[in-house]
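*Asks:* Below are the chains, spelled out letter by letter.
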Amino acid sequence: MKSRIQLVDLTALSGPRADFLGHLHGLCRTIGVDYASYAATNPVSGKLHAFTTYPTAWKDHYMDQNLHLVDPTLRIAARSIAPVDWRRLEQDSSFQDVFGAARDFDLPSTGLTVPVRGPMGDVGLFSVTSRMSAQDWRWLKGSMMGQLQTAAVHLHDTVMTSDALTRTLRYPHLSTREREVLQWVAAGKSQQDIGDILSISSRTVEVHLRSAREKLCTLTTAQAVGRAVSLGLVQPG
Amino acid sequence: MILIVDVLNKNRFLPILDDMFRLRARVFQDRMGWDVAVTNGLEKDEFDALDPAYVIALDDDYRVIGCARLLQTTGPHMLSDVFHAILDGEPPLRSATMWESTRFCVDRETLAGRRGKHTVARTTTELMCGILEYAQASGISDIITVIDPVMDRILHRSDNAPYDYVGRTAEMGKVRALAALIDTGQERIDRVRAFAGVEGDIFATQEEVANAIAPPTGLPGDAFLREYCHQQIENAASLRERNAAIALQKALSGLGSPARNFDT
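If you read the sequences in order, they're chains A and B. Read left to right, the first sequence gives residues 1 to 237 (the working numbering). Read left to right, the second sequence gives residues 1001 to 1264 (the working numbering).
Just so you know, the hints here were simulated from the structure itself, not pulled from any lab data. Every residue, glycine too, gets a C-beta built ideally from N, C-alpha and C. There's no promise every hint is true.
[What the hints assert, rightly or not] Listed next, the in silico DSBU-like pairs over lysine-lysine satisfying Cα-Cα at most 30 Å (straight line): (1) A:Lys-59 - A:Lys-141; (2) A:Lys-47 - A:Lys-59; (3) B:Lys-1174 - A:Lys-141; (4) A:Lys-47 - B:Lys-1010; (5) B:Lys-1174 - B:Lys-1044; (6) B:Lys-1250 - B:Lys-1010.
[Claimed, not checked] Computed footprint of chain B on chain A; a stretch qualifies when at least three of its residues, placed anywhere within it, have a C-beta under 8 Å from a C-beta of chain B: (7) 45-51; (8) 189-196.
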């Protein structure tokens, strides 16, 4: 039996959340896709939170028809560890139920979903769609995958920490190594220098930095240092 | 050849998955003496319930000769939930572009003495390439893998040496384990491929494997033989037995392989 999960359009709410949509539009431009959406189940409230750059007409139709309950780009992709190209979902009868209608709204059905598994059993789903030819799509996919993964986890972490309760559950747990690396960054050292100081390879420094950036919900190292300082995890350089 | 089985296609490959869980039982319980749970000859743990992706090496008869399991490091995985002794109380790395690889193994008994395409060394390398290439195509830049010192030596020997280690070498029951970092860069993939002379596309299409293990649509005319074949296929204890039973049914029904339908 399907649970009646309530779908909440985050962009319809006021406040800082409206930035999510601007962020998605920006991603569409940089990556070169037509539409982007994000959805996540909040493990605390049980609600499905979503925002999208799709036209309002489609959004209304989608919510009216409760399509999120059958949409395989959410339902099935949520259980994958790798990004799921929607071509793999076309066999599923529910794909036609959702995207047969999308064609009436003149929307593309070429797309992919990047699933993000969070530490609390929460799952975030970041989807992009495009009108481009199959060949261009294959090429774009190859070049944007890493970027999509990072964008997806950033969106997910930001949404999850925007709720007071989940924020408390997700206080950033930095390892000693991650704090050390951030501390040296704050002191103005380069990645190579830090590797030499800590006797680890500079790629390992990069791996710790990437991990620290994600735990702190930041995209750049400068932001990560700033946030770590404000949380008292690192001393100002 | 390498087959990727995940939550989207696993229902088509259940006999292959069972064969893989049997191989894991033979390797990790029988040969290496790890403290793993084996039920009905299948080695499965709680992480297999989290819909991981499996990278599976198959021989020309579509039998499982090696496997590995992949999980995201943003969610629950072995290093965060089971192998934390390695991390010495430190929180684990967490990255959208890093996957964890565990339960890497190759069927040495079956492959021992074989020549040509399916040797232990060749299968080990092909499996490594399968993991690296699948991860790279999914936008993953690094793999973290919990291994024992034996596997560490195998990685070094295969020109696939980890670029670093995280945490410390910890005693896990009878074995020692450590966490190694491996990038999915093209340079490394080219190196590992060159080491074992792996050329061309190593991935099998889903359709090819699904058709090869599917029972034929035609059935023997005789009701007794039909029932007999059905029983043999249903009661097969391994993929090898199942394939033999399917071959028998094909022979008895006078039919060749069903029409192939490759991914377009």
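*Asks:* With a C-beta cutoff of 8 Å, work out whether three or more residues of the stretch 189-196 of chain A approach chain B closely enough for the coverage to hold.
*Replies:* Violated - the stretch 189-196 of chain A has 0 residues with a Cβ nearer than 8 Å to chain B, which falls short of three.
*Asks:* Run the distance test for Lys-1250 of chain B versus Lys-1010 of chain B: straight-line Cα separation, threshold 30 Å.
*Replies:* holds (24 Å)
*Asks:* Decide if the proposed pair is consistent with the structure: Lys-47 of chain A and Lys-59 of chain A, CA atoms, cutoff 30 Å inclusive.
*Replies:* Distance of about 17 Å is within 30 Å: holds.
*Asks:* Taking 30 Å as the top limit, are the C-alpha atoms of Lys-1174 of chain B and Lys-141 of chain A close enough?
*Replies:* violated (44 Å)
*Asks:* What's the verdict on Lys-1174 of chain B and Lys-1044 of chain B, does the C-alpha distance respect the 30 Å limit or exceed it?
*Replies:* holds (19 Å)
*Asks:* For the pair we were handed, Lys-59 of chain A and Lys-141 of chain A, check the Cα-Cα distance against 30 Å.
*Replies:* holds (25 Å)
*Asks:* Establish whether the coverage given for the stretch 45-51 of chain A by chain B is satisfied; the threshold is a Cβ-Cβ distance below 8 Å, and no fewer than three residues must meet it.
*Replies:* Result for this restraint: violated, n = 0.
*Asks:* Given the hinted pair Lys-47 of chain A and Lys-1010 of chain B, is their Cα-Cα distance within 30 Å?
*Replies:* Cα-Cα ~28 Å, so holds.
The structure shown violates the earlier hints numbered 3, 7 and 8.
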